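**Student:** For reference, the chains in residue letters:
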Amino acid sequence: MIDEALEHLVKGIVDNPGDVVITEKTHRRGTTLEVRVHPDDIGKVIGRNGRTARALRTVVSAIAGRSIRVDLIEADEAR
Amino acid sequence: MSENETTTTAVEELEPAKGEGGKKSLISRLEEEGDVAADYLEALLDIVDLDGDIDIDVENDRASLAIAGGKLSHLVGERGEVLDALQELTRLAVQTSLGERSRLMLDIDNFRSAKKEELAKLAHEVADEVKSTGQSVKLRPMNAFERKVVHDTIQEIGLTSESEGEDPNRCVVVLPA
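Chains A and B are the protein sequences, given in the same order. So in the numbering used here, the last spot in the first sequence is 79, and the numbers never skip. So in the numbering used here, the last spot in the second sequence is 177, and the numbers never skip.
Think of the hints as simulated: they come from the structure by calculation, not from any bench. Please read these numbers as outputs of a predicted model, since none were measured by experiment. Among the hints, a few may not be true.
Said to hold, decoys possible - Straight-line C-alpha distance at most 20 Å; calculated EDC-like pairs for lysine to aspartate or glutamate: (1) B:115 with B:152; (2) A:11 with B:88; (3) A:11 with B:39; (4) A:11 with B:42; (5) B:148 with B:81; (6) A:11 with B:100.
As the list claims (entries may be wrong) - Here chain B is said to cover these stretches of chain A; the calculated rule only asks that three of the stretch's residues, wherever they fall, bring their Cβ under 8 Å from a Cβ of chain B: (7) 10 to 19; (8) 48 to 56; (9) 60 to 67.
Even for Gly, the Cβ is constructed at its ideal location relative to N, Cα and C.
Can you build the whole structure from these sequences, using the hints too?
**Tutor:** Structural data, given as structure tokens:
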């Protein structure tokens with residue numbers, strides 16, 4: 001559910017929603033959600049001074065009720 | 001980026017001078033903003049399985065959305081930080097969809113309206129103090145929303161105010177008449 005919520009939040013703010021891929025990774029210290037976006041959209045999801053990235057983390061952690069790490073990654077050509 | 005392909009015609013002169021391109025009236029553009037924003041938020045509520053009614057309005061030249069659900073306090077956060085984050089993302093979603101910057105306001109379970117009342121009360125108290133002492137008063141650091149409420153209230157009272165300092169330490173100073 002939380003990955004779906006993040007996917008929705010990100011898809012709505014990028015120009016290439018079809019390229020958004022979320023991968024959930026669970027490890028001892030908690031959960032990391034990796035967000036891959038089109039290279040043209042990486043600036044958008046990070047935002048000025050990381051403002052958008054921070055907003056995404058804040059909302060996702062609030063929904064999950066615990067701190068969730070959100071990593072924003074530029075999708076490379078290999079995919 | 002081929003969004004602005006509309007050619008300039010004489011019809012534009014009939015529209016208010018506000019906004020780029022003058023394609024639509026301000027009100028209908030703000031209503032469109034509200035609709036896009038509501039779709040974005042509604043889908044989010046669906047995904048996380050929360051109930052909330054979304055009210056769309058146009059207020060002070062901004063689209064304004066209010067979600068009422070009763071069980072949404074975690075989407076507000078202790079100091080409204082989650083609400084601010086959600087508002088920021090919603091503005092970006094509108095910008096992505098409509099191609100223009102949005103200044104929409106989002107409220108959840110009346111957090112902002114309650115805050116507004118509290119700040120208006122504070123502004124009145126400070127205004128009284130400034131009037132009686134003739135000295136300016138500097139308030140605690142506030143975010144943009146809080147400062148705007150204070151400035152608006154001070155203006156209604158008939159005094160002037162200004163902001164000084166840099167975020168996150170930017171403060172309103174109320175000046176004697």
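**Student:** What hint numbers does the structure not satisfy?
**Tutor:** Nothing - there is no hint that the structure violates, so all of them hold.
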